[in-house]
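Peer 1: Read off the chains here:
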Amino acid sequence: MESKIKAKTIVFGNNIDTDVILPGKYLVIVDPYELGKHALESLDTDFVNKAKNGIVLIGGKNFGCGSSREQAPLALKYAGVKCVIAESFARIFYRNSINIGLPVIECKDISTTTKSGDTISVDLTTGKIQNQTNKQTLQGTTLPPFIMEILSDGGLIENLHKKMMNKP
Amino acid sequence: MNITEKILAKASGKKIVHPGEIIDANVDMVMTHDLTGPLAVEAFKKIGSQKVWDNKKIVVILDHQVPAESVKAAELHKTMRDFAKDQKLTIYDVGRGGVCHQVMPEKGHVTPGTVIVGSDSHTCTYGAFGSFATGIGSTEAAAVMATGKIWFKVPPTIKLDIKGKFKNHVYPKDLILNIIGNLGVDGAIYRAAEFTGPTIKAMSIAGRMTLCNMAVEMGAKNGIIAPDQTTTDFLVNRIKKMPNIDKLQSDPDAEYERTVEFDVSKLEPQIACPSSVDNVKPISEIGNIPINQAFIGSCTNGRLEDLQIAAQIIKGKKIKDNVRALIIPASQEVWSQANNEGLLKIFTDAGAIVCGSACGPCLGGHIGLLAAGETCVASSNRNFIGRMGSTQANVYLASPATVAASAIAGRIISPLEAKA
Chain A
255 MESKIKAKTI VFGNNIDTDV ILPGKYLVIV DPYELGKHAL ESLDTDFVNK AKNGIVLIGG
315 KNFGCGSSRE QAPLALKYAG VKCVIAESFA RIFYRNSINI GLPVIECKDI STTTKSGDTI
375 SVDLTTGKIQ NQTNKQTLQG TTLPPFIMEI LSDGGLIENL HKKMMNKP
Chain V
1076 MNITEKILAK ASGKKIVHPG EIIDANVDMV MTHDLTGPLA VEAFKKIGSQ KVWDNKKIVV
1136 ILDHQVPAES VKAAELHKTM RDFAKDQKLT IYDVGRGGVC HQVMPEKGHV TPGTVIVGSD
1196 SHTCTYGAFG SFATGIGSTE AAAVMATGKI WFKVPPTIKL DIKGKFKNHV YPKDLILNII
1256 GNLGVDGAIY RAAEFTGPTI KAMSIAGRMT LCNMAVEMGA KNGIIAPDQT TTDFLVNRIK
1316 KMPNIDKLQS DPDAEYERTV EFDVSKLEPQ IACPSSVDNV KPISEIGNIP INQAFIGSCT
1376 NGRLEDLQIA AQIIKGKKIK DNVRALIIPA SQEVWSQANN EGLLKIFTDA GAIVCGSACG
1436 PCLGGHIGLL AAGETCVASS NRNFIGRMGS TQANVYLASP ATVAASAIAG RIISPLEAKA
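If you read the sequences in order, they're chains A and V.
Taking our numbering, the leading residue of the first sequence gets 255, the next gets one more, and so forth.
Taking our numbering, the leading residue of the second sequence gets 1076, the next gets one more, and so forth.
Bound-form chain A, shown alone (with noise of 0.2 Å):
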């Protein structure tokens, strides 16, 4: 995974809950490709279309709260989702999201000072979130080593995967 992102941003308010990221209705679907089909569909039917060519997804406070369907950042993931930047999160959410190697980051103020549209670029590493369309610069979260490491083996899987080879 590449620890720095550049993309058109959707952005969405507070409270997203996992149930309108990826209705429950959907659960019975294996393929990921699939899944990503049905991205946030109850609230923007044309989400998949605006995402297809990858976004960084915008959120307020408590972004995938309810259900721990692990199948909803794999949607959102599919759907051409690069990175969810949101004020706060659930916390499955933000560990499911980390275990498939989805990036998250927490900052303060993200969805209030971007629109939908912006072009925003994201460095992993530093958290340093710039916004190059109105030229603010915003300071996100950045993740324990242990996490990052996850996230740039590809997921908790591959990580895990890797330490079980390397292993005597």
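Note that these hints are calculated values from the structure, not bench results.
Owing to the predicted nature of the structure, the values given are computational and were not obtained by experimental measurement.
One or more of the hints may lead you astray.
[Stated by the list, open to error] Taking CB as the label site, the calculated pair distances span: (1) Tyr-287/A x Gln-1383/V: 41 to 51 Å; (2) Asp-1161/V x Val-284/A: 15 to 25 Å; (3) Asn-1312/V x Lys-304/A: 50 to 60 Å; (4) Gly-267/A x Arg-1313/V: 43 to 53 Å; (5) Gly-267/A x Ile-1098/V: 30 to 40 Å; (6) Lys-1120/V x Pro-398/A: 26 to 36 Å; (7) Pro-1273/V x Asn-303/A: 48 to 58 Å.
Where a beta carbon is used, it is the ideal one built from N, C-alpha and C, also for glycine.
Position chain V relative to chain A; hints supplied.
Peer 2: Then chain V, alone, in the frame of chain A:
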């Protein structure tokens, strides 16, 4: 230390832990089900380990899409059955268990003082028995199945100090809705929520489970209640050995991020209006809301006590025309007890449908979904957009008493109004 810190310290081999500290905890029990389990199985295979770390500490429960409503669901169930068989895991298949969070304590998989993780957000329910229990994702569940370990950041704890005696027809569900309404859906984000006080001491296990179950609806990592005689009485014939519960009490000088006090003595029946669990009002303030469906069940309120309360209200009456009433006992054990007590007959005689123990319409997967423009009042835990079917449907959350009274009235009413 408080109870959450004590459990996490023991699980990570430390004498003391502090909020914010990242620990590597040994896990005592893992639960997974039919909707999040298959992803975990796939992930487990990718890790490259042949055997799970401890087959006695992993439980599989089929409860979400049961009995299989589609070929896809049937395939998922088969994946879980095959995995359980290969790895020699305990599995509660269709007709043997019920809703996972009811089955886990009933069948003796929840012990006070232990660390329990489950690939379901309502895993926090087991905090009602004084365990540290929290929801995780599928990939993480696979990692725990392989290693028996998980990292946690020790959460700061919010103490919810509850006093007062409930008025008639007011229940723990009304209290937890009121708490969430006050604190907000992110009011306890990343925190432990510890319920204490005389009201909790006097509360049944069913009520305590309702409180801890919904801790996640305010963002909490775990809900927890210190074990006492009520806990022991419920668990004594279900678990192998009851631990020393004296060691699982928060110290008098334990630290809390904050303490919030609630007095339930004047609390009225509450309702969470669409489409957020903190959009909570006293029922007396919501006006005339006609309903199409009433649902009593789920890991929040599908226990025997809930069905007894509902049956008292419904007995001898009829469900209003144009209303479908769904009663879903949370487990086979609850179903059987309710049947023995004649409760199921009361429901069916009134025109309700009693379904087999499963999650039902709660998560909008299967059984009792809503069409556009329809309204359901439910004893479950979430009212998000599209949660129970159509994105154009409305879900209101309330106590089983309120749902029962509303099913008879054909509109949302308080159980106080039903008695009047």
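Peer 1: Each hint should be assessed against the structure and marked as holding or not.
Peer 2: Here is what the structure says about each hint:
1. Tyr-287/A x Gln-1383/V: 41 to 51 Å: holds, 48 Å
2. Asp-1161/V x Val-284/A: 15 to 25 Å: Holds: the Cβ-Cβ distance is about 19 Å, inside 15 to 25 Å.
3. Asn-1312/V x Lys-304/A: 50 to 60 Å: Roughly 57 Å apart at Cβ, these two residues keep to the hinted range, so it holds.
4. Gly-267/A x Arg-1313/V: 43 to 53 Å: holds, 44 Å
5. Gly-267/A x Ile-1098/V: 30 to 40 Å: Since Gly-267/A and Ile-1098/V have Cβ atoms about 34 Å apart, the given range 30 to 40 Å holds.
6. Lys-1120/V x Pro-398/A: 26 to 36 Å: holds, 28 Å
7. Pro-1273/V x Asn-303/A: 48 to 58 Å: holds, 56 Å
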